[in-house]
Structures are given as structure tokens and as C-alpha cells.
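> For chain A, the structure is supplied; the task is to place chain B on it using the hints.
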Amino acid sequence: MTTQSNLAVALRRPVPPMGGFSLTVLRLEVRRLLRNRLTMFFAIVVPVIFFLSFRSSAYVHQRIGRGNETAFELISIALFGAVFATATGGVMVSIERALGWSRQLRVTPITPAAYIAIKMLTSLVIAAGAVGAVYLVGLAINQVLMPTAVWIITGICVLIGSLLFSAFGLFIGYLLPSENVTGILSLVIMFCSAAGGLFIPAGSFPHTYMVVAEFTPLYGLNELVHYPLVGGAFAWLWVLNCVIWFGLFVLGAAWKFRRDTDRV
Amino acid sequence: MALRIAAPKYVMVTMPSSSPAIVQAFEDGGNEVIAVQLRDVYKSFGSVQAVSGVDLTIRPGEILAFLGPNGAGKTSTIDIILGLSQPSAGDVKVYGMKPRHAIAKGLVSAVLQTGGLLKDLTVGETVTYTSQLFAVSRPVTEVMERADIAGISDRMVGKCSGGEQQRLRFAMALLPDPELLLFDEPTQGMDVEGRRDFWQAIRGDAERGRTIVFATHYLEEADAFADRIVFISKGRIVADGTAAEVKALASGRTIRATLPSADALSLHAIPGVDQVEIRGETVVIHSGDTDAVARRLLNDTSARDLEITSRGLEDAFIALTNDSIPEFAADRRASQ
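From first to last, the protein sequence lines are chains A and B.
Take the first sequence: its letter number 37 is residue 36 in numbering that gives the first Met the number 0, and every next letter is one higher.
Take the second sequence: its letter number 233 is residue 232 in numbering that gives the first Met the number 0, and every next letter is one higher.
Isolated chain B, as found in the complex:
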């Protein structure tokens, strides 16, 4: 699959052979510190393969989104970066050291997906508690201001809304002033307002140059916030690029028409056609110039009931995280 680029660069569409020297420098070279380095990482739980051969380099200052459906291996990958679980095979380095050591130094912190809070402490007590566990910590009041929970300091954690609890976790994660901050599905289960407030708090913080990695299955979150998107499906990285490149991938539109006894080869021959799919009497054609294709279909064939739809990011997402379709996408790239 041509799309699967393991290089640490953002670029997905350029050929992997374009700059091997640079790739080498980023991975091994010189004095540059790499935030996260995963080499051929595998993780299985019994017979379930959660992570299958992930190679990933995250450089300081990147804001990276792991995007993929539930069960794709996003949480497993984050757990491995955090040292919460040991890879079955492969190598993990965080700032050149073992994950656990990076955490002990307060270089890495995380907002985890599930629970993680004591209901019988107040919000303020929880932040104070956590601040004591680090060798060096930012002031409790400062992180509470930044996470926008200063006003609910005396509230019991059990009485906080999902969004408030998540901002509390964010405040806790800010305490060591980490170089790398990971979020695992940070806005899952939040309402629209909670999600907006949460991202607002994070966006304010990201300007400080921290490396941020978050897992999400909300496309719009990855698109709006990340400058690098890593698609994960079935434990593998299936695409890796900037949000703009992902959008480019999703460009073009789809024509659906009724065309009895359609011939795939002749349809492929129409200029601008990228992909043809025939389902009984229905043909589905993907093209960068649907107007021209539609004109040809209506003029030169017996096609009727034409429907033209744009292929959104959602479709690109589905295509990329579905086993069969990346092949087509790769073909389309190769043919251009």
C-alpha cells in the first residue's frame, strides 16, 4: 500500500523514496531529541492483535491526532507510549528513555479515557493530591485557572459533570508542565458545549509549544486541532499526513447511476474516472471531474437516475480505515 508512509515527515503523498537521508536523520541522527519513537511495535492480548507493527516518530512540538474507529488500536498505542502496557515486540523510546522513566521525570503526562478520579475528594483536593506526586510541579491555582476549574475548587468530584471532570484531568496533567501531553478520546461522552470548552482550554495551552498527541474518532476534532493526522485501523497505521493532505485525499465526487449491462473497462476509459464499481444495475464512479463524466454518461450511454455527491472527509476516513478501499485510493494516487 503506497499510502502507508512510516517516515517521520508529515507528507503522505510524496513518494517514500524522496528523501531517505532526512528520514534517517530524524530517526537516528545526531543531537535532535525525538519525543516519541515506536519501532515495529506489536501488542497482543491473548489472540487479539491490538497493535501490529507500528513505526512512528513524533518530533517535539507536533500536534498529532490518532484517528480511527473504536478498537483500532489507538488506546493500546497510547498505553504503550505511557508505559502502561509493555509491547509484545518492538521498541519504545520517549525522549530517548523508557516511558516509565520519562513519566517519573514529569516529562510526560496524560488525560486518560476512563475514570481515574476519586469521587470523595473535592476538585481542589484532587489537584493538590496529584501535585504532591511530582518532584517539581506548577502551582495548583495556576493549572486550575488554565483548565478553567478554579471556580469549582470546593465541589466534590462525584458531583462534577463529565466536562468538568475532564477539565480536572487536564489540570492534573498540566501539573508537571510536561513536554508531551497525551489525550485518549478526551471528549468522549461530552455534550457539544463541553467539547468546545475543553478544546478551548487545550488550544490556549498548546501555544506554549508542547508536544500534543490525542486519540479521537471525531474527524472534525482531528481536522480542527491537529497538524498531523495518523490514521490507525486494525492495529496498523494506514495513513499519515497533514489535515490538508487528508482533505486532498477526500477530494473529488461520486456519481451514482442506473446503467444496465455496464462495462467496467469502457467506463474506466472515460477521461477523469478514478474508480468504477458495479453493483447489479447500479454503477458508482469516482472522479475528480464529475461534470464531464456525467455529460459523457448521459450523452453516450443509457445511464439514468444520476446522483452526484461529494466525497467528504467522513468518506475518506471510512475508506482509509476499511481494509479493501485503501487499495483503490492508492491506485488513484499512483495514476496521477
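Chain A extracted, bound-state conformation:
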């Protein structure tokens, strides 16, 4: 009967607050990503190289809103880097699934929501590295013109906005087999970046392209993060674009996570 009375105590055990979310786990997840040199190279070095190769001396003297064309390009490339970082962070989940880690997590109290939150925040830390690197290089070359406040505000906007693609990475990671997911993800992000106007501003697109571009996932986000620099008319369509795509990615990821353990 001792067993039974001990049991009576055990049955009253609490469930973890916040579904098992923990800052220690977040710290360990970031440490894992920092150990992955390839990921760090693509998230931080590649955007810097892109920025340095895409910029043109002609941009320096073209004014846009409260700054110049180089500042516009800086923000675009920072967004590209941040999005790459967050999406890659999300995709790591696919590798974890292949390892059986998500199955292991399902025998602990952590909830899908807490798990996704930890994964997104991890990606955010790496994205901060990507944005920081590009912005530092932008400062160093001394050709980027925009008020200090705009530097800071756009940096924060890019960072927060890139979370959209953290969910995208999670979803894609769950959807595709792990061996070729990184390649496909790179292609998709390149395509979305081009279509969304990160490499060539959407304003210079022909009309037909423009119509399509408006429905692609990075278009709204790109316009939004440039708004503090460009100013002018604000379009709620940009916000709608972000909200809808983000919602689709989160739903998709949660749906796949739930189905994750069903064996065939």
C-alpha cells in the first residue's frame, strides 16, 4: 500500500509552466548553432559578400526617402541574411526529426508551442548576428547614408520581420526529406528574395511581374522594413501579406509536428 500512497502524491504533480519553455534550453540551442560553422558561414559571411558585390558607386548619390540607394540595398541584404538565418534555424528541425529527437521530445512535457517558440528565438539570435554583420560592414565602408534612428529602427524591423521565415524554415524542414532540404530552401529563399524585390527593388519591376510579386512571401516584409527609410504612402497590403504567410507557415509547422510521430 506504500506504493499506492506514494502514487497518490505523484499523481498530483504539476505540469511545467509555459509548456516546458526554458531559457537554458534556448542557450543550449544557440550554442549548437554556433558550433555549426557551415551555417554560420551562410548566415553571416555570405550576406556580407552579397552586400559588397551588389553595391555600386552610382547608388551612393541616388537619394531615397531619408537616405541613399546604398542604404536601401543594405537593408535588403540584411533582410536576406536574417531570413536565411531564421529559415536555416527552422530547417535544423528536419535534421532533428531524422535523428528521432522530436520523438524523444514527445515523451517529455514540452508542448509544440513552447518548442516552436524556442526554435524561433534561437533563429532570432543567429539572425541578429547576420544583421549586425551586414550593418557593421555598412558602417565601415562609409557610403551608407541614413539618420542614426533609421539605422536602428530598420535593424530592429528586419530582425523581427525575419521571424516570418523562421516558421517557414520549420515548415519546410518538416515537409521535405532532410538530405536535400537545405538546397531546396536556398533556392526558395533566393527566388522569394528576387521576387520580393530584395535584389532589384520591386518598384522597378514591369507591371505583370509586380502583380505576382505582391503575393510572394517576402514582398510585404521587404516593403515594411524599408518604410522607415523610404517613407511615403503606407499600404496595409504589406501587413496582410506578412500576416497571411506567417499564419500559413505556423499552421503548417504545427500540423506536421503533431503528425511527426505517426509511423507507417
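Keep in mind that a hint or two might mislead.
[Unchecked claim] Here are the in silico distance ranges between beta carbons for each label pair:
no. : chain 1 : residue 1 : chain 2 : residue 2 : range
1   : A       : ALA116    : B       : SER87     : 28 to 36 Å
2   : A       : ALA97     : B       : GLY45     : 18 to 26 Å
3   : B       : GLY95     : A       : ILE155    : 44 to 52 Å
4   : A       : GLY99     : B       : HIS267    : 47 to 55 Å
5   : A       : ILE155    : B       : GLU31     : 54 to 62 Å
Everything labelled a hint here was simulated from the structure, so no lab data went into it.
Think of the CB as a built atom: it goes at the ideal place given N, C-alpha and C, for glycine as much as any other residue.
Using the frame of chain A, we list chain B on its own:
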């Protein structure tokens, strides 16, 4: 099949009608908490029936082995107890609640068969990571001592041997100080030494009165460690009893002899013969008293080339997990 006893008692050989009142009490009754209760559970994956009508009651403190060949439905049953997969039909209760809720409270943990580890964390980091996911957790150093991995805390998981990784999974499973601990083929792919170390670590822990359920296809593991063995074959429980009862089932020996134009009925008539099988000129006779049967065969028939072999646990296992032979075993029981 008389062998299939769905009652929560250990006893396999007694008649099911012996104590219906007790059976009832264990299943539904009173205030006693049941660790695991499966009622008529089915699970199919497409056209594959992985679990077909399992009834099982596991009481607190039991050490139970699911024994059966690969693909018998052991992992599917464990997945259902853990809430990792939903049964297609039937009811599952773990400490009276849904499996997922029991896990959220840290009442249940498991060492799973496949993978489940991040290669780019150290052993110590992995245990710390997992400890954070529970509302209440034992200290990281304590579980690492108990699983005997304290010495490799700084090693990357990817560089650990199979046995070390398995002890790491064991340490992780100990963190919530669970009431019920499940192991799915815990020593698969380990060398002899790894298996011994692993069971040693578990044996040390089992003295604390935890309910332990493990799946294995190693007979000796089930025999050495479990006090209740549940045979599973083709998604069904085909036998359920103590290790001793399983051994009793496996008692007796087999005579193989060459005997042209043998007559099954007259062979059956020899005292002590349980079963007769005729394959061409070869007869295979199972008996509890092979000496007497051999004497009769050599004296009274033209039998030659006699071979007498004991029927080990391995044979009982094969017999029980094979569709056709349990019938014979059941007949033999009934005739005693």
C-alpha cells in the same frame, strides 16, 4: 486458445474462471491505481494491423517484459502507452489519465528504440537540456551518476558508443523520477559488455519500486529481469505469465526418430506422450518423460536413430509466437 489470459494476474496456467472477482477488482475496482490499462486496443497502419485487440493491465511496481519477434507489435503497443500514436480503436489509460497528460506530469518516461539524440551537444548538455523540460526534475548530476555517465559529461554525443548513448537516454528518462519507465528494445545493437552495463544500471534503479515495462526479443533479458512476461505475436497477446511459468511451459523434451509407416494414434497412446508429429519417415514426439517413451519405442516398434533434445525457452518462444503451435501447447495443458 486457453493460453491467452487477459487477466491482470501473472498466472497463465490457472483457468481464467478461477478468480473473476479479483480480476474485476483490479480492472475497475475501488481506489487502487492502475499504472497502465489497455482495453481492446487496435492499431493499424494502412492495411497493416500492428495491434489487434490487446487487453492489458499493468499494476504499480510490476517489471514486465513484452517479448516477441520483430514486427510483433511491441513498439506499436509502447507507442500507444506513451501517446506517441493514437489507437485506431480501444481505450488507453495511464494512471487513470490520457497518456499525454501523464507524460506532462512527469509520471511516465521512456527510452526509445531509435535515435533521439542531438549529436552536436555534449552528454552533460543533453541531460541539462532535458531536465529543463520538466516541471520538477531530479538533479542532473544525480541521474548521470545513476546511469553511470558522469565520467563522460563533456563528450560530444556523436562520439559516444551505442551503449553510452543508451545510458544517456536512461539518464534522461530518470530526470522526472517517473512512476513508470518504458524501454523499447533497450539493448539492441549493443555488444555483450554494453548490455551487461546497461542492465546493471537499470537493476540498481528498479529497487526503488518503479513500474518498468520493456520490449525485447532477447529471451534471456526477459527471463533475467522481468517478473512478468507478456508474449506478443502478430499484434496479439499470446501468453502472459511469470518467467517461471514460461519455463514450465518449456519443460519436457523432444524425441526424434526414424519410424517407417508410423501410426499417430498408437504413438499417442504411449503413456507420457504430449504431442506427435509425423514428417515422412521421421516422427517427432514431445513428452514429459522421454526416457519411458524412448524405451517403448525401441522395445516395441521398429524405431531407430533416436535423438532426444530438451525443449528450451527458445523453443517455447518460437512455439508461442508461431501461429500453429500454441494450439498444441494449449492441448497439452488441457490434458494435464
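> Which hint numbers doesn't this structure obey?
Structure breaks no hint.
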